[in-house]
Amino acid sequence: MTDLIGLTLADARTALLEKRVSSMELTGALLSAMAAARPLNAFVTQTPERALAMAAESDARLARGEARSLEGLPLAIKDLFCTKGVRTTAGSRILENFVPPYESTVTQNLWGAGAVLLGKTNMDEFAMGSSNETSYFGPVANPWRAEGSNQTLVPGGSSGGSASAVAADLCLAATGTDTGGSIRQPAAVTGTVGLKPTYGRCSRWGIIAFASSLDQAGPMTKTVRDAAILLRHMASVDPLDSTSVDIPVPDYEAVVDSGVKGLRIGIPKEYRVDGAPPEIDTLWQKGADWLRAQGAEIVEVSLPFTKYALPAYYIVAPAEASSNLARYDGVRYGHRARDVRDIGELYERSRGEGFGKEVRRRILIGTYVLSAGYYDAYYARAQKVRTLIARDFDAAFTGCDALLTPATPGPAFALGEKTQDPVSMYLNDIFTVTVNMAGLPALSVPAGLTMGGLPLGLQVIGKAFDEAMVLRVGRALELAAQFRAKPKSWWLA
Amino acid sequence: MNAPVKSSKYIRGESGDWEVVIGLEVHAQVVSKAKLFSGAATDFGAPPNSQVSFVDAAMPGMLPVINRRCVEQAIRTGLGLRAKINPVSVFDRKNYFYPDLPSGYQISQYKQPIVGEGEVIIDLPGGETATVGIERLHLEQDAGKSLHDQHADYSYVDLNRAGVALMEIVSRPDMRCADEAVAYLKKLRAILRYLGTCDGNMEEGSLRADVNVSVRRPGADLGTRCEIKNVNSLRFIAQAIEYEARRQIEIVEGGGTVKQETRLFDSRAGETRSMRSKEEAHDYRYFPDPDLLPLELDAAWIKAIAASLPELPDEKKARFIKDYGLSAYDAGVIVAERELADYYEVMARGADAKLAANWLNNEILGRLNKQGLSIGDCPVSAEANHAIIAMTSDGTISGKIAKDLLDIVWAEGGDPRTVVEARGLRQVTDTRAIEEAVERVIAANPDKVAQAKAKPKLAGWFVGQVMKETGGKANPQAVNAVLKARLELPEEG
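Heads up: the sequence lines are chains L and W, in that order. Per the working numbering, the very first residue in the first sequence carries number 1; after that it's consecutive. Per the working numbering, the very first residue in the second sequence carries number 1; after that it's consecutive.
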């Protein structure tokens, strides 16, 4: 096998089962690629010893004919998933040396299916960011650069490390989490596939919380089929997560190639935003044409409350975060300030030193909107908006099977380009947050390149727990788009 | 509604009468093996931090899962308080920083408690009753314990109690004096213990009360209240109310105004002290806990719990008055503890019920109190006492011998009937045996005979001598009759 690291999850699975390659070889090749890709800063922690030990066990099982579904397939895990005995930082100084004594349900499911852990990927601190620039462990570089440019671009966020690792072939696939677009936006700007499942599809147990009512884990992969494979083994109902839902997990892979003939695909008119680059609109139109060409009917739908989604999101998410992050107080684990006089100073300095600027900003926003006298004006209203957004989708889905929208308002931007203006940064999630507010599944699939040669994605939104439909439509787009471009491996130079 | 307020409840100030208005917030620890949202144990007195799960310690990524048993106990309590059970209730987060609150928020119920309005009938001196309204009951987590006396420079934290389920039971401000507040708490405690939902142990902190006190002119609008936190004995509650009422009256009579604040009761000094004013009060930033779904109760489940409720103190008291002919007072004393009432019923079945009640209240409880024992520790079984009473009623033994017999079985154990036979304690009712004893005493004391004839009251001396002669077994009435006839004394008027 020549290009081991370039394999898709599906192809690697076949190669392992057919004994054309061993998990040790595959894992070794990816560990080498990771080591050579340090300039990307995609990983916070690499776990080569554990990876090789897991690969060896997988090879033994493969040899005995006892392979499990993901046997020997090396994955990268976002550093928001707690991994037993492996440092888990959430991209924050406050958890710089935190080693969980437990394993998240999602990663446990993956290891139970035979997958191999390569390492923990870099991310925006506590998943708060759209560019991976808020990480305490430094920004992640996007493997993609504009044609003829040496400028470093961001990989999106918050799952920027996972996106970068998948795009640069440092892993076969990765996990991400998506609270407002943190899987789909980085997937779109790195030419990879990212799926945010329905809220409740994957257990949140053991995933460090950002905004509990919005957080959801999902796969980040090279192909739509790979997303289908990985999701099946991430999803589960979990008695430890009261918000996980007891609906059987279907074999998504089996339906991925069912095609879109006879389906009705909705185009929400409110997703046409002023000031978006014409390329985005063009690609969106192209996507609709591709689906129509494959037998789908394209219908225009309306989601009138879309414009309130982003502002409401920036009330709900910080509110929940301000409470979720109260536990990082320097008392039991994590960063503790030295030489403090009293408990008040212990809190103030531990948290002040441990949290970065964006996290502090959101804790302040969240604390404010929940305060006495402001709750009704902000939090209670934002929750009402949420209900209205969900109704919008319910109404739209009475007339169609899935929705097609752009994934992001533009391609990857330059490092430092938006850090001074939080609102321009927040606007990156304009097409993705609405879906989190409604708890629906959505997929970002690479669909083309800009004039400058940077990837762009399209988003498919489905009904609750209809990930199968989302994957089907996504696969149809993938087939039509024939997205074959790869970033040039400048980091090897 | 409350019984008509009697003027004797008023407190006399320098400028006239004042009425005290009291409401109680009682925190009752739920009897449950596991905590409210984690599987950790709840045993009292375990080594510090030995009953702490990852959830209790608020480790990253941990999620609460409601304990069905605790919900059942809250429903059971609500039904016992004749309260409305809310089919839907919501858990909220109450946010504040303190080292013994690991997550930085307490999970409680704020706007939608599990139990709504109910009532408690309180027993007042003289067999009177009054009704105290219950405003609500909600479930919440207890905090851990901060230990400030373990080290000169550091405070320590014990999280064993963190997350233990509490029921907060809020009364209406329906009490008008310390005695009523004490009667309310006693009755509430009795109901909880009957239901088996709280062990009511105030020393171990299983039952704690916050007392709201305000004063007003009789019939005027409510005054400003102060909340006295965590008063942990009935005696202290009475002292705290008396002190606080006097303090407020003095302020108002001195031309000042009472400040709304939270106060502490210093049991050593016997006074309340300011803890924090309204201005310093926390802004708890309540919002619905996104980790927990609204709690929806199945009507059939509530019905099943209702069907399993034991007979409660009020019903039992009414039955004891009706079926056993007890006075309201005696019945009230006996039903105060379920074990005592059960004990009584075994004693009274088929026996003289009133005699049984007197026997229990005077002889058994007297001895238990002296030795600091509860009815559960009583060395003499209810069956044994039943036998003693039965033997007293049918004249087998005298009342005097009954007490001696109780002392014997109390100290040495054994079946009372066997003891009576073995020791020859049977009452002598045989007139010939008594006449013979009378003759012996008269023969031995001719001088006393003459005196008695002159002074009939001296006959009592002869009764004593005859009893002595018969080893206390003679029936005193029979002795009296024989003596009077023999000494030719006049019948008493």
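What the hints contain is simulated information worked out from the structure, not anything from laboratory work. Hints may contain errors.
Stated by the list, open to error - So, partial list: chain W residues that the calculated Cβ filter (under 8 Å) puts toward chain L:
{"hint": "1", "residue": "60"}
{"hint": "2", "residue": "102"}
{"hint": "3", "residue": "105"}
{"hint": "4", "residue": "106"}
Said to hold, decoys possible - Derived BS3-like pairs: lysine-lysine, alpha-carbon spacing no greater than 25 Å straight-line:
{"hint": "5", "chain 1": "W", "residue 1": "303", "chain 2": "W", "residue 2": "84"}
{"hint": "6", "chain 1": "W", "residue 1": "403", "chain 2": "W", "residue 2": "473"}
{"hint": "7", "chain 1": "L", "residue 1": "269", "chain 2": "L", "residue 2": "84"}
{"hint": "8", "chain 1": "W", "residue 1": "303", "chain 2": "L", "residue 2": "384"}
{"hint": "9", "chain 1": "L", "residue 1": "486", "chain 2": "L", "residue 2": "269"}
{"hint": "10", "chain 1": "W", "residue 1": "111", "chain 2": "L", "residue 2": "384"}
As the list claims (entries may be wrong) - Some residues of chain L that are not near chain W, with every Cβ distance over 10 Å (derived):
{"hint": "11", "residue": "100"}
{"hint": "12", "residue": "286"}
{"hint": "13", "residue": "320"}
Remember, predicted model here, so these are calculated numbers, not experimental data. Beta carbons: idealized from backbone N, C-alpha and C, even for Gly.
A quick look at each hint next to the structure:
1. Hint status for residue 60 of chain W relative to chain L: holds, with the closest Cβ pair at about 4 Å, below 8 Å.
2. Interface hint status for residue 102 of chain W: upheld, as the beta-carbon distance to the closest one in chain L is roughly 6 Å, under 8 Å.
3. Residue-level restraint check for residue 105 of chain W holds (minimum Cβ-Cβ distance to chain L is 5 Å; threshold 8 Å).
4. Interface hint at residue 106 of chain W: violated, since its Cβ lies 11 Å from the closest Cβ of chain L, which is beyond the 8 Å cut-off.
5. A threshold of 25 Å between alpha carbons decides the hint, and for residue 303 of chain W with residue 84 of chain W the separation of about 12 Å falls inside it, so the pair holds.
6. About 13 Å separates the Cα atoms of residue 403 of chain W and residue 473 of chain W, which keeps this hinted pair within 25 Å; it holds.
7. Among the hinted pairs, residue 269 of chain L with residue 84 of chain L is inconsistent with the structure: their alpha-carbon atoms are about 46 Å apart, more than 25 Å.
8. About 34 Å separates the Cα atoms of residue 303 of chain W and residue 384 of chain L, which puts this hinted pair outside 25 Å; it is violated.
9. With a C-alpha separation of about 32 Å, the suggested pairing of residue 486 of chain L with residue 269 of chain L is violated against the 25 Å cut-off.
10. Between residue 111 of chain W and residue 384 of chain L the CA atoms are separated by roughly 17 Å; this keeps the pair inside 25 Å, and the hint holds.
11. For residue 100 of chain L, the requirement that its beta carbon stay farther than 10 Å from each beta carbon of chain W is not met, with the minimum near 7 Å.
12. Even its closest Cβ contact with chain W, about 38 Å, leaves residue 286 of chain L beyond 10 Å, as expected for a residue assigned away from the interface.
13. At roughly 6 Å, the least C-beta separation between residue 320 of chain L and chain W is not larger than 10 Å, which violates its mark as non-interface.
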